[in-house]
Amino acid sequence: MAIDFLYPQYEVVRNYDRCIACRACERQCANEVHFYDPEFQKMMADESKCVACHRCVSLCPTRALKIVKTDHTFKANANWTGKAISEVYRQAGTGGVLLSSMGNPEPYPIYWDKMLINASQVTNPSIDPLREPMETRTFLGKKPGKVERDRDGRLVPNLSPQLELNVPVMFSAMSYGSISYNAHASLARAACALGTYYNTGEGGLHQDFYQYGPHTIVQVASGRFGVHKEYLEAGAAIEIKMGQGAKPGIGGHLPGHKVGPDISRTRMIPEGTDAISPAPHHDIYSIEDLRQLVFSLKEATAYKKPVMVKIAAVHNVAAIASGVARSGADIICIDGYRGGTGAAPTRIRDNVGIPIELALAAVDQRLRDEGIRDQVSVVVGGSIRNSADLLKAIALGADACYIATAALLALGCHLCRSCQTGKCNWGIATQRPELVKRLNPEIGAQRLINLVTAWDHELKEMMGGMGINSIEALRGNRLMLRGIGLTQKELDILGIKHAGE
Amino acid sequence: MLQKEGQIRIPAGCAISGIFHRDGARENGARIIESIRTMHDRSNGLGGGFAGYGIYPEYADYYAFHVFYDTQAAKDACEQALERHFDIVDLSRIPTRRHPRITDEPMIWRYFATPLQTKLASSQLDEREFVSRFVIRINHTLEGAYIFSSGKNMGVFKANGFPEDVGEYYMLENYEAYSWTCHGRYPTNTPGWWGGAHPFALLDTSVVHNGEISSYDANRRFIEMFGYSCDLLTDTEVITYIVDYLGRKLGLTYPEIANVIAAPFWSTIEKQPPEERERLTYLRNAFASLLVTGPFSILVGFTGGLMALNDRLKLRSMVVGEKDDTVYIASEECAVRVIAPALDRIWTPRGGEPVIVRLNERGNP
Ligand code: SF4
Ligand code: SF4
Chain A
8 MAIDFLYPQY EVVRNYDRCI ACRACERQCA NEVHFYDPEF QKMMADESKC
58 VACHRCVSLC PTRALKIVKT DHTFKANANW TGKAISEVYR QAGTGGVLLS
108 SMGNPEPYPI YWDKMLINAS QVTNPSIDPL REPMETRTFL GKKPGKVERD
158 RDGRLVPNLS PQLELNVPVM FSAMSYGSIS YNAHASLARA ACALGTYYNT
208 GEGGLHQDFY QYGPHTIVQV ASGRFGVHKE YLEAGAAIEI KMGQGAKPGI
258 GGHLPGHKVG PDISRTRMIP EGTDAISPAP HHDIYSIEDL RQLVFSLKEA
308 TAYKKPVMVK IAAVHNVAAI ASGVARSGAD IICIDGYRGG TGAAPTRIRD
358 NVGIPIELAL AAVDQRLRDE GIRDQVSVVV GGSIRNSADL LKAIALGADA
408 CYIATAALLA LGCHLCRSCQ TGKCNWGIAT QRPELVKRLN PEIGAQRLIN
458 LVTAWDHELK EMMGGMGINS IEALRGNRLM LRGIGLTQKE LDILGIKHAG
508 E
Chain B
66 MLQKEGQIRI PAGCAISGIF HRDGARENGA RIIESIRTMH DRSNGLGGGF
116 AGYGIYPEYA DYYAFHVFYD TQAAKDACEQ ALERHFDIVD LSRIPTRRHP
166 RITDEPMIWR YFATPLQTKL ASSQLDEREF VSRFVIRINH TLEGAYIFSS
216 GKNMGVFKAN GFPEDVGEYY MLENYEAYSW TCHGRYPTNT PGWWGGAHPF
266 ALLDTSVVHN GEISSYDANR RFIEMFGYSC DLLTDTEVIT YIVDYLGRKL
316 GLTYPEIANV IAAPFWSTIE KQPPEERERL TYLRNAFASL LVTGPFSILV
366 GFTGGLMALN DRLKLRSMVV GEKDDTVYIA SEECAVRVIA PALDRIWTPR
416 GGEPVIVRLN ERGNP
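Chains as they are written, first to last, in the numbering used here: chain A, 8 to 508; chain B, 66 to 430.
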């Protein structure tokens, strides 16, 4: 019907003076935007299918293409924006829930960008990371809080199992299924080379990847896909996924068209069926139940591995984290509302949850107020975009950060936010073999290594500027941060002073 | 209005000096004053102080509380609290002499006391924990009263002014100690408050410190989980609490404490033999939040001993000299030479390498 017609958001602009009709764009676009018109002997485009992923633009040999935001517009209205109007048309037409992917794109405040970092002047020397050791090695896990000695007075190593990270960055959960085999292979190899960890997500672990076990965090989510004893034993740590920043309060959904033979085997579900993980864990209706699951997993792995619990940043996250800390978890992972996803209902992605900066500050302070900050490590994600975000997170109190969107960007993702269609032109969020092979895991791993190494350099540079030569002296060191353009309330929650104070 | 110490964090550079007699011989405060006077230019007249060990042999079994009072009301309240929890065997003003450069003095009182047995028993705490909680509580909650010394057979003397003037003001020639430490301060702002001077002490642990630690807020926010309250916002205060926590509460030895607060670099740890590597890795990981970074040289005084320690990069100067049974430690060599021109040995300890001296069998019969 005409009322359902929506003008495409993006237009494909082709410079016909440059186009040689090589049809590369046509081959590259899984969305079937480009086609050759024999009658006119030229390339044409159906821009209504374009998701602005830039695959064709990047591969056009004559740089004949660009994607522009359309200037076609509804009559300007600050309340009923073009987006708001279009969404009503779409829902009136289909009766369906709007779906989106990747993180919340709405213009809420980004607190990372409202915090400034300190540097030494005069009273305290800065340290040059090129000339002096600068340490970013981090251990995650419960600290003992007491010492024990043997009969000769020697210290007994009484630490619970720990994760050792050469850099305070890990790759966050993305399941095999939501992303491709080659994407997983890239993450796994990079984690090994960097001395850090990647996370299987809730889709189980492909047989081929058991070899990367010492750098793997295996996830147990509400659907329990692919969870069995060898799987639990394969990883360096086990993560219980209670929630995800992009869609707090709901479970996951992997559409059946992504469940091919390999995924079906890894997830232990029939081919072609939708993999739907329930909103809650049906064996966890309260904090005591979580404790039981934590200890079941510890029992199953002979208390040799730290257990992590991942929660979404929601309103009372501090109280929840305190409960989680007391549940026996060794590491709490908090995912902010800008965290990515392969698919989430748009309304939830854009309206549920709170910023990770505020959640982190509140959780860290709450755990300290209760005197239990040392009993648990805190890892945050959603979204950490660069080394400055990373540094600010650690100064607010995080032990380490999770990155996922940034990792996918390193692999070529262009944030077209269309992962749910399974037609990712960059070979990441897809299971179509011809698309998957576009991502070379060798190159992918190297790009991830480059990214994290670059961040680590920058982190060290900024630490040196502050006169700090070890990451543990930065952790929770909020005096190193100042707010800019924040209200007193926001400053109080972040536990920092305003610039100039 | 300028904020006072405790309302704002004030970075400071400084001078430190210490004298320790291993054989327990005691000397009065004259030489330590001479030593710190030599480093006059490292202070700016905004704080100086001393700690002496072995100065109260006649009351060796009693806690000696040195207290600053801003008002009579604060004094009354503090004394009431003291009387509720302690048996006070002696109390007096701490003797001072008028000094042209020491002004704005608060009331300065001293109490020798021991916890009331009934109170102590009902608190179910060990005696030292009972006393330390009392001190922290008074300092945190009682406006205008500040207990700046609370050990047995030791005492802290501090004021606003150049350290040599502070020593004269407190008439340190009348006290005999086997261990002296002192401090001259160079804060970058006017604190105008005597409590902000160093040494900082809790029970018999006293710390003088030269430097500005970059890990301050990480250390503070961690240590405050264990009942400490960093009211002064100074590095020295937080270091004192760290030493107290690791030593008294957890039972780490002084060398182990040094391995935590000035932990070796990972690259150094990796070069150690397996057992030592494991030990150092354990200490560094288990107490990661108590690593202190940034420049510092500190002297930690305790009953029967003294520990000198530099940050791991040795960003602050510190020398150690030895003559017979006496050990001298100072920010600059001149401060040692001026009182002990002929030394058996003088050296510069490496960053992160603690120098720990203790009373020997003659000093500790
Ligand atoms: S979807 Fe991607 S590849 Fe296809 S036309 Fe749009 S930008 Fe090009
Ligand atoms: S992973 Fe692929 S589909 Fe998803 S946002 Fe990135 S480029 Fe688009």
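If you're looking for bench data, these hints aren't it; they were derived computationally from the structure.
Heads up, the beta-carbon is just placed ideally off N, CA and C, and yes, glycines get one too.
Take the hints with a grain of salt, since some may be wrong.
[What the hints assert, rightly or not] One-sided and incomplete, this derived list gives chain A residues near chain B with beta-carbon spacing under 7 Å:
no., residue
1, Leu166
2, Pro168
3, Ala200
4, Arg354
5, Ile355
6, Ile475
7, Arg482
[As the list claims (entries may be wrong)] Chain A regions said to be covered by chain B (calculated; three or more residues, Cβ under 8 Å):
no., segment
8, 140-149
9, 483-496
Was the hint right that A:Leu166 lines chain B, CB cutoff 7 Å?
6 Å, holds
Per-residue hint verdict: A:Pro168, partner chain B, C-beta under 7 Å
Violated. Min distance 12 Å.
Please verify that hint: A:Ala200, Cβ, nearest Cβ of chain B, below 7 Å or not.
18 Å, violated
Interface restraint verdict for A:Arg354 against chain B (beta-carbon cut-off 7 Å)
Violated, about 38 Å.
Check, residue by residue, whether the segment 140-149 of chain A contains three or more positions whose beta-carbon lies closer than 8 Å to a beta-carbon of chain B, and give the verdict.
It holds, with 4 qualifying residues against the three required.
Under 7 Å, Cβ to Cβ, is where A:Ile355 needs to be relative to chain B, so tell me if that hint holds or is violated.
34 Å, violated
Given a cut of 7 Å on the nearest C-beta pair, is the interface hint for A:Ile475 held or broken against chain B?
This interface hint holds because 5 Å falls under the 7 Å limit.
Test coverage of the segment 483-496 of chain A by chain B using CB-CB distances below 8 Å; three residues minimum.
Answer holds; 5 residues pass the 8 Å Cβ test.
Supplied contact hint for A:Arg482, tested at 7 Å Cβ to chain B:
Where the cut-off is 7 Å and the nearest Cβ of chain B is about 6 Å from A:Arg482, the hint holds.
In this structure, the hints that do not hold are numbers 2, 3, 4, 5, in rising order.
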